[in-house]
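> Sequence:
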Amino acid sequence: MNKKGWSILISISLIVILSFVFYQQTHISIWGFNLAKKDIKDVIVQTENTSYLITDKETVLAIAKGISTMKKHSKVEVSDSYSINTSGDYTKVLIRTKDNTTYGGNLFTMGENIVQGSNGYYWSLDYQKLENELNASLNTASLLN
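Residue numbers for the sequence shown, in this note's numbering: 1 to 145.
Among these hints, one or two may not hold up.
Claimed, not checked - Below, computed lysine to any residue pairings styled on SDA-like, alpha-carbon distance capped at 25 Å:
(1) 57 x 75
(2) 37 x 112
(3) 71 x 94
(4) 72 x 32
(5) 57 x 112
(6) 57 x 28
(7) 57 x 10
(8) 38 x 61
(9) 129 x 89
(10) 129 x 26
(11) 92 x 121
(12) 57 x 106
(13) 38 x 112
(14) 75 x 112
(15) 38 x 18
(16) 37 x 136
(17) 92 x 131
(18) 38 x 65
(19) 72 x 20
(20) 75 x 26
(21) 38 x 111
(22) 71 x 34
(23) 38 x 55
(24) 65 x 13
(25) 37 x 110
(26) 38 x 99
(27) 98 x 75
(28) 129 x 20
(29) 41 x 141
To be verified - Pair ranges (Cβ atoms, derived):
(30) 119 x 139: 28 to 36 Å
(31) 23 x 74: 25 to 33 Å
(32) 102 x 56: 13 to 21 Å
(33) 4 x 100: 45 to 53 Å
It is worth saying that the hints were derived from the structure and are not from the lab. Yeah, the Cβ is synthetic: ideal placement off N, Cα and C, and Gly gets one too.
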């Protein structure tokens with residue numbers, strides 16, 4: 001390959017790499033959905049008796065980042081009969097985007113683990129870490145009911 005061919009190949013490679021890095025910095029994968037970080041508006045958290053709306057942008061992104069580490073556990077089956085989480089403080093976590101699309105679902109107790117049902121799957125999570133982030137965010141949260 002001549003010098004011009006190499007410079008074109010390197011330029012194309014550099015553009016692809018920079019585009020990938022930019023996408024990774026501006027988007028987050030949550031429950032199998034790729035969401036733009038700037039589009040994430042708020043988090044809705046439900047306990048057994050109360051719902052809270054978390055709107056602080058930094059807090060919302062910190063919770064979303066924690067949720068993005070969840071791993072797909074198993075597929076939701078019609079015959080599943082797991083109970084909604086009652087061992088912790090929270091029963092549901094939802095993320096809402098600027099177009100008012102809501103992602104997320106209930107937290108379930110599956111044996112000794114707490115998982116979240118969302119997008120047709122159960123997602124394993126570090127419940128203690130999520131609970132700590134949510135507890136800290138309730139200081140600035142609005143009460144929904």
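> Between residue 75 and residue 112, is the straight-line Cα distance small enough, at 25 Å or below?
18 Å, holds
> Please work out if residue 57 and residue 106 have their alpha carbons no farther apart than 25 Å.
At roughly 23 Å apart (the allowed maximum being 25 Å), residue 106 and residue 57 satisfy the hint.
> Take a quick look at whether residue 72 and residue 20 sit within 25 Å of each other, Cα to Cα.
Measuring from Cα to Cα gives roughly 24 Å; hence the hint holds.
> Residue 92 and residue 131: Cα distance at most 25 Å?
11 Å, holds
> Would the pair residue 72 and residue 32 pass a check requiring their Cα atoms to be no farther apart than 25 Å?
At roughly 9 Å apart (the allowed maximum being 25 Å), residue 32 and residue 72 satisfy the hint.
> Taken at face value, is the distance from the CA of residue 75 to the CA of residue 57 at most 25 Å?
Roughly 32 Å separates the two Cα atoms, so the pair is violated.
> Within a Cα-Cα threshold of 25 Å, do residue 98 and residue 75 meet the stated pairing?
28 Å, violated
> For residue 38 and residue 65, compute the direct alpha-carbon distance and say whether it is at most 25 Å.
13 Å, holds
> Holds or violated: are the alpha carbons of residue 57 and residue 112 at most 25 Å from each other?
33 Å, violated
> Is 28 to 36 Å a correct range for the gap between the Cβ atoms of residue 119 and residue 139?
For residue 139 against residue 119, whose Cβ atoms are near 30 Å apart, the range 28 to 36 Å holds.
> Is the hinted range of 45 to 53 Å satisfied by the C-beta distance from residue 4 to residue 100?
51 Å, holds
> Is the hinted pair residue 75 and residue 26 satisfied, with a Cα-Cα distance of at most 25 Å?
29 Å, violated
Hint compliance for this structure: hints 1, 2, 5, 7, 13, 20, 21, 24, 25, 27 and 28 are broken, all remaining hints hold.
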